[in-house]
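Student: Here is what each chain is made of, one letter per residue.
There are 4 protein chains.
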Amino acid sequence: MANEKYSTVHYHNYLELDALLSLQKERSAALGKAAHDETLFIIMHQVYELWFKQILHELDSVCGMFRTETVNADNMQTVLLRLQRVSVIIDLMIEQIKTMETMTPLDFLEFRDFLFPASGFQSMQFRMIESTLGLREEDRMTYHGKSYKIVFNEEQTARLTAIEEGGSLFELVEGWLERTPFLRFEGFDFLTAYKKAVDEMVTKEQAAIRASEYIPPKMKEMRLRMVGDSNSYFKHVLSREEHERMIAEGECRLSYNATIAALLINLYREKPILSIPFNLLTELMNIDELLTTWRYRHAQMVMRMIGNKIGTGGSSGHDYLAKTAEKHKIFKDLHNISSLLIPRSSLPVLPEGLGRELGFYYGSGA
Amino acid sequence: MANEKYSTVHYHNYLELDALLSLQKERSAALGKAAHDETLFIIMHQVYELWFKQILHELDSVCGMFRTETVNADNMQTVLLRLQRVSVIIDLMIEQIKTMETMTPLDFLEFRDFLFPASGFQSMQFRMIESTLGLREEDRMTYHGKSYKIVFNEEQTARLTAIEEGGSLFELVEGWLERTPFLRFEGFDFLTAYKKAVDEMVTKEQAAIRASEYIPPKMKEMRLRMVGDSNSYFKHVLSREEHERMIAEGECRLSYNATIAALLINLYREKPILSIPFNLLTELMNIDELLTTWRYRHAQMVMRMIGNKIGTGGSSGHDYLAKTAEKHKIFKDLHNISSLLIPRSSLPVLPEGLGRELGFYYGSGA
Amino acid sequence: MANEKYSTVHYHNYLELDALLSLQKERSAALGKAAHDETLFIIMHQVYELWFKQILHELDSVCGMFRTETVNADNMQTVLLRLQRVSVIIDLMIEQIKTMETMTPLDFLEFRDFLFPASGFQSMQFRMIESTLGLREEDRMTYHGKSYKIVFNEEQTARLTAIEEGGSLFELVEGWLERTPFLRFEGFDFLTAYKKAVDEMVTKEQAAIRASEYIPPKMKEMRLRMVGDSNSYFKHVLSREEHERMIAEGECRLSYNATIAALLINLYREKPILSIPFNLLTELMNIDELLTTWRYRHAQMVMRMIGNKIGTGGSSGHDYLAKTAEKHKIFKDLHNISSLLIPRSSLPVLPEGLGRELGFYYGSGA
Amino acid sequence: MANEKYSTVHYHNYLELDALLSLQKERSAALGKAAHDETLFIIMHQVYELWFKQILHELDSVCGMFRTETVNADNMQTVLLRLQRVSVIIDLMIEQIKTMETMTPLDFLEFRDFLFPASGFQSMQFRMIESTLGLREEDRMTYHGKSYKIVFNEEQTARLTAIEEGGSLFELVEGWLERTPFLRFEGFDFLTAYKKAVDEMVTKEQAAIRASEYIPPKMKEMRLRMVGDSNSYFKHVLSREEHERMIAEGECRLSYNATIAALLINLYREKPILSIPFNLLTELMNIDELLTTWRYRHAQMVMRMIGNKIGTGGSSGHDYLAKTAEKHKIFKDLHNISSLLIPRSSLPVLPEGLGRELGFYYGSGA
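Residue numbers (my numbering), protein chains in the order written: chain L, 1 to 366; chain F, 1 to 366; chain R, 1 to 366; chain V, 1 to 366.
Heads up, none of these hints are tricks.
For each label pair, taking beta carbons as the anchor points, the in silico distance ranges come out as:
hint: 1; chain 1: F; residue 1: 138; chain 2: R; residue 2: 345; range: 41 to 47 Å
hint: 2; chain 1: L; residue 1: 141; chain 2: F; residue 2: 29; range: 47 to 53 Å
hint: 3; chain 1: V; residue 1: 221; chain 2: R; residue 2: 139; range: 33 to 39 Å
Over the 10 Å line for every Cβ pair with chain R, so calculated as not near, a few chain V residues:
hint: 4; residue: 21
hint: 5; residue: 128
hint: 6; residue: 136
hint: 7; residue: 137
hint: 8; residue: 138
hint: 9; residue: 141
hint: 10; residue: 142
hint: 11; residue: 207
hint: 12; residue: 211
hint: 13; residue: 257
hint: 14; residue: 327
I should point out that these hints are in silico values taken from the structure, not numbers from a laboratory.
Beta carbons are placed, not taken as given, at the ideal position from N, Cα and C, and that holds for glycine.
With these hints in hand, go ahead and build the complete structure from the sequences.
Tutor: Here you go:
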């Protein structure tokens, strides 16, 4: 068996091309009214499903690495590379919509009826991707008032439920953020220091506005109000109680501690030890945005293809897709971290020890 | 003077590079707190404005050609090529957002305050593009309850109003569609023939469903209802009275006659004489979709950059952009034509004479 | 059977997902040394093969349409749309290289040995695409001094030979160009008129240079020589004898008559009747360029993956691909038409009748 | 002055739009024969020059950071982000070629003569980019047998020479690699360990081939020979003497020590401390490849535009560009590192201390 390594492999067999290239079964041809463009329709959906499989392959391995007790530093680099690959694939999926757009509505009509009521809603793998990332049943659009699972059979439904209950990437990343060891370090309390820094920044800014001889009085008032509002905003969102109220009322999802850890990572992202964590959070936002763009472009394409009429799945495809584009976003809270940042010049200085811990030096000196 | 043709031209002077490359005036540097990334911010906006100028150059020439009494066939091909160029440029503008995304929120904070209250809302050229395409003042989002023109000076406001009143591309295309000579041709009335074809198609389809031994009764009912609904839909939207009611109530904008002409062009698009018109309508939809995608991606980028907080222009940039993405669409009615199409096999056959008129033959025979 | 139309279709079955998603058989896993990235390697090649199938589907239909006795005008529009689709697909294939680039050389080493000696050289469908477009056996790079067919089995070799002998798209387009009815029209001989126009243009230009008071004498000389050279160039390449010598010596391939017809189409491309022919020639050049870019980018990727070492197929993949990039170009002669053009202002005016024939008018007037 | 911060900034003034939008001076219009497409020609070149300025802004800052005595770890992250930005910009520049491709050769002819002899060869900033990256005068294509600097004036020539002599990014990265502290660490000598690992891998592989019952004798011979060749290859390229001979004869450029350091970084790239260095080397290769692709696509576009005839600069633009595409590559040696890698399973194990130094742990445990 070990020697099989040396047997001869041929490209054709390795890729199972005989099987692969015989799976395009045009219904229009089977029904005696061959429509040239149905082949494109099948192939582009099959290509999507192959990419879905690849994405799941990456996401499953990433979740697996997050699940090990101590997250290993070597793994983190691999986690990052695999998430970046997922982004590259979704980017390609967005480009692929252009192939579908070479089909005109009239060409689609030639075989559209033969597909009824099959629909993209029925893609099991796409639902698995969303759930693995962290989309919960309650976050989803319902399907004519019923669960999105209604289009799947029992075994598929069970698989989807298992994913939803098994700990999504969202929850794994949240847990990892909460464990970050940087928030408290030998007497340095990041959150207290940050709140103080915000206060100082605001006070200084207000003083500068009041002292200015060049700002017209009316403008001064407006600017002072803006700075004040900004101050209350920070106070508000940096408070644990307020954050927990927001979670309870569904306004955000990421836990308080994880949020503060993500804030720290964003603020000190050029420290070498935070480089991978920062890139990782960025990549999660990327994936979220790219999936949103994909749903959105998809909605546009359906609109052009069939107008406002209902899709083959029996519902208005365009409306559904357009609505899910934003609603199915998962890492919104990470995007919102941006509103908590202050300029570098106002940042609290890290204590010596922590700074050393977070950085290291290359170069002749060492 | 004619001989200047032969004087020596140098790339550097031709492109006015001395001037061009001195127009990046970083405010952060001027104020003594040089922020590395402000240069990118300036350059990418200047590049956008250069592309806007190019788009206006194309749109103005296209409108000019539509305005001539008899639209010349040679012009139509040029019109098409120029609109296609506009699409290619907007596609590039969408790609360009990626350069902005290489800037992190923290880097932006380094100079963001210096820009207050400048804002992309103040791009005169972008407003001109929208108005030239056909966006009316009443279609636009208001700006804190006021006209979008409030951020422009008197002369700029006057220019925008002149464009709005001067006949937009939407109106010019509408007029051109209304003049299409194919709707009535020696006794052939397209609309009557089409309504009849829809009727026949529906009747045939219903009979087939009723006769089927394979469709379960419950499914039969559902399918019959769908076909019936589809029939009322066609009756509804092909009626002139109904169409005029929709226009009056703001549900659509394109005139009845222009809509029917666009329908004909879509249905018989492979007839050579309709090739350019079909491509032209397609290109208008493309431009509309691409601008929508650009606004949408732009909104995503702003969200990542500053979260839900207000933009430098003093309003929530993300919300504004996300809302205008769909609302500022101009050629929606062309997209909706898709819902009026029926399969080729059910199409009314064109009378011999018209068919000949619309087609011509290459090849040995002729 | 006819009623099967109404049976229930499910997305999952329609796309044969059970089969499709079970065709990724990682050899590293089978041999007990599972390498995570082999899945990507398999899936991206399978996706390529699916797109190859789609491209062949389009090219075969296009060739079929060209083969009918009288090329029908309606078909030409469809031919164009299908070639444009091929371009969109190859564009996507180029983008797809980015997915492969997310794999590092070290990751590839984990399973590379298991694939020996399978290789992309063995893709039957890609060879079919090249041959269908018009690449002849003699135009190809040899494979270690032997025919490229050596890696295929008997049945595959027979299919490739059949395509090579069956009339490629190059030959079909050449024949169609030769049949274009515009070269001679009621006493108007395009070629004679064109040669005369070139002469007049050159004479006028030389006179202007000589008469100029502003060009320095040395510069005058240089410019006169350039115009003169340009004149001989035109004389040279517009001569039938010279053209036939070039074909005989393998310097070009497209027949003299076809070349002149392509020249005419390029010169008068805004005439409506030439719109589709012009777009068609453009699309063939596009496809050629895109395939070249794909090979080239592919070569770059292989270089990064394995350096200058030999590929899994046992030859230096990078060198092979880099060399074929230019060598396997098929429609070079169409690209070269550009060098035969003169400015619109110097073009021979078409006789009234021909002008009318080539154009038609939309609009109120007619 | 400090208060200027609060003065009012308007988008229009901030971007210097009045000046910017008046720099498009069409020569065709000035000479009384306005050609519509010249505006595109000017604008797309001006956009390129703006991006060139941005690229130089990034490269200069990166070189500056490399020049400081001890390269600071925080800087390295910033270096990486700025190089990634350069890649994103060149990617966009490649896309931009599509805007130029919307111009047909005939449209270009309308104003091409007016530009003589201006040419893209005369772009000062592009030469500065190449030299800053590390292209030496001797690596460049000559210009009709003369230095590429001949098209520049004295002051420009001086600036180019200063860059060439001032220490390019290539040299700065080489120096930094040579200083990497990992090659020798408390008694561990990486190179010796690596050569031993290669030997062991080869011996094991040969034994496995000889012992196999499944490989046909002829195939065995071939495989043994391949493994043997591979062994000599490694011996060869890992030898300092051989490497120095190659440098002397111009076959490679990167110093021996820098090459070995780059090899180590590639082999252990998932160690956290090597994450940024690995990404940095990758990004340099990216930039090199993207510039190559840009030159190549540019050459294709020129070919389509003017065929094989000479460009406005008086030389065959296509040939020049096609040749420089590969020849002007700067970081070839980094690409070649791939051929020196062996699979992870055969890698020498790092001594405990070094492993700890290179990695660190996130998570609960610590």
